[in-house]
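Use the sequences and the hints to build the structure in full.
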Amino acid sequence: MLINNDLESYFESEQLLEGLLIEFEYFADQKIVLIISNIVNWSLKKDAGEFQKTVFKGVKSFERLFGANKGFLENSFHEKDYISTHVIQDIKFSQANGDFHIVFYIDNFFGGFQFLFKDLEIETKIGRGVKANEQEWIYFDVETGAQFDFHYPFGNLAKSINPQPLQL
Amino acid sequence: MGGSGSGDDSQSGFGIRNLHGKSLNWIKKQKPDGWQEVPSDDGRGWKWIDENGVERLRFTRPNKKNPSNSQWSRQANGYFRWQNERGEFLDVDGKVVPRNIPPSEFQEKTHIVYEGS
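Chains as they are written, first to last, in the working numbering: chain A, 1119 to 1286; chain B, 2 to 118.
It is possible that some hints are incorrect.
Said to hold, decoys possible - A few chain B residues that face chain A, going by a derived Cβ cut-off under 8 angstroms, partial list only: (1) S24; (2) E38; (3) D42; (4) D43; (5) G46; (6) N53; (7) V55; (8) E89; (9) I102; (10) P104; (11) E106; (12) F107.
Stated by the list, open to error - Some chain A residues judged to face chain B by a derived CB distance under 8 angstroms, without partners named: (13) N1156; (14) N1226; (15) E1239.
Treat the hints as calculated values from the structure; they're not laboratory data.
Glycine included, each C-beta is placed from N, C-alpha and C at the ideal position.
The following block contains the structure:
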C-alpha cells in the first residue's frame, strides 16, 4: 500500500516506535531501504503479533549513523545474526524541496540511519504463534493460514530484491 | 524496597534484581559507577548506558497525548525497557525474554509498567 498522501500523519502516529527491528537493508543500486519490524499493537491477543514491511523507494543521500558498535554492517542488519535485540526508539520525519527526509534512531549500540526518499510502501501481516518446542515457534498468517518464518515474515526479501549471482 | 524479591535468578547483571514496585528515586540510586545516564532520544525520559555502549535501562514518561486515545494507554504511568549486558530484553523479574515468542507477548513482557509512586 502506497501512503505518500499523508506521510506526516503516518509518522506522527508513532506506529513504528518501540517495534522490534527484524531486518534493515539499504540497496543502493535499487535506491531502496527496507525495514521489517514488529509493530506494537496492544489490541492483539498474546499469541499474536503484527509484522510490517516498510519499503522506501527513490532513496538518496543515505547515511549510516553509527552507534557504539562499529561492527554492525553499514547497509544491512538481520536480528537472527545477533544476540542483542534492537527496537526503533525514535523517528524524525520532514519534507523539503520535493523530497521526504527521515531519520531512524535505533539505540546507542546500533546508532541509526537517515536518507531522502520519494515513495513509501507498507504491508502488514498479523501472525499467530504456536509453540513447536522449548525454543521454537511456528507462525501462521491469520488471514490466509499460511505458515511463515518469524525471521522472514514476508519471505527472503533481501534475496528477491538483490539476488546474488549463482555460485558455480 | 530493593531486595531481590522474586528476582533471585535475575539476569540483569547489576544491583537491580527486579522492578516490582520500585520508585524512580530508588532506581536512580542503583546506577553503577562508570555507566552514563543520558536523556532518551525521543526526549521523553532517560536511559543508562554501560561501559560497552549497551543501553541497560530506559525509562519513558507517559505520553502527552490523551492516554485514552493512545496506543500507549496501558503505560499511562510510564514504562521501562531493560536489557542485560548482551543487549537481550528482560522482563520485570530480570529474566531474558526470547524475541521469537509471539510479538504481543514480547511487547507486554518487555514494556515494564512503572509501578512506583
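Hints, verified against the model:
1. S24: violated (23 angstroms)
2. E38: It is violated, given that the least Cβ distance between E38 of chain B and chain A is near 12 angstroms, above 8 angstroms.
3. D42: This hint holds: D42 of chain B lies near chain A, its Cβ roughly 4 angstroms from the closest one there, short of 8 angstroms.
4. D43: It holds, given that the least Cβ distance between D43 of chain B and chain A is near 4 angstroms, below 8 angstroms.
5. G46: Cβ of G46 of chain B sits 10 angstroms from chain A, so the hint is violated.
6. N53: holds (7 angstroms)
7. V55: holds (5 angstroms)
8. E89: E89 of chain B check passes; min Cβ-Cβ to chain A is 6 angstroms, inside 8 angstroms.
9. I102: holds (6 angstroms)
10. P104: holds (3 angstroms)
11. E106: At about 5 angstroms, which falls below the 8 angstroms cut-off, the nearest Cβ of chain A leaves the hint on E106 of chain B intact, so it holds.
12. F107: Holds. Min distance 7 angstroms.
13. N1156: holds (4 angstroms)
14. N1226: Holds. Min distance 5 angstroms.
15. E1239: violated (21 angstroms)
Violated hints, in rising order: 1, 2, 5, 15; the structure is consistent with all others.
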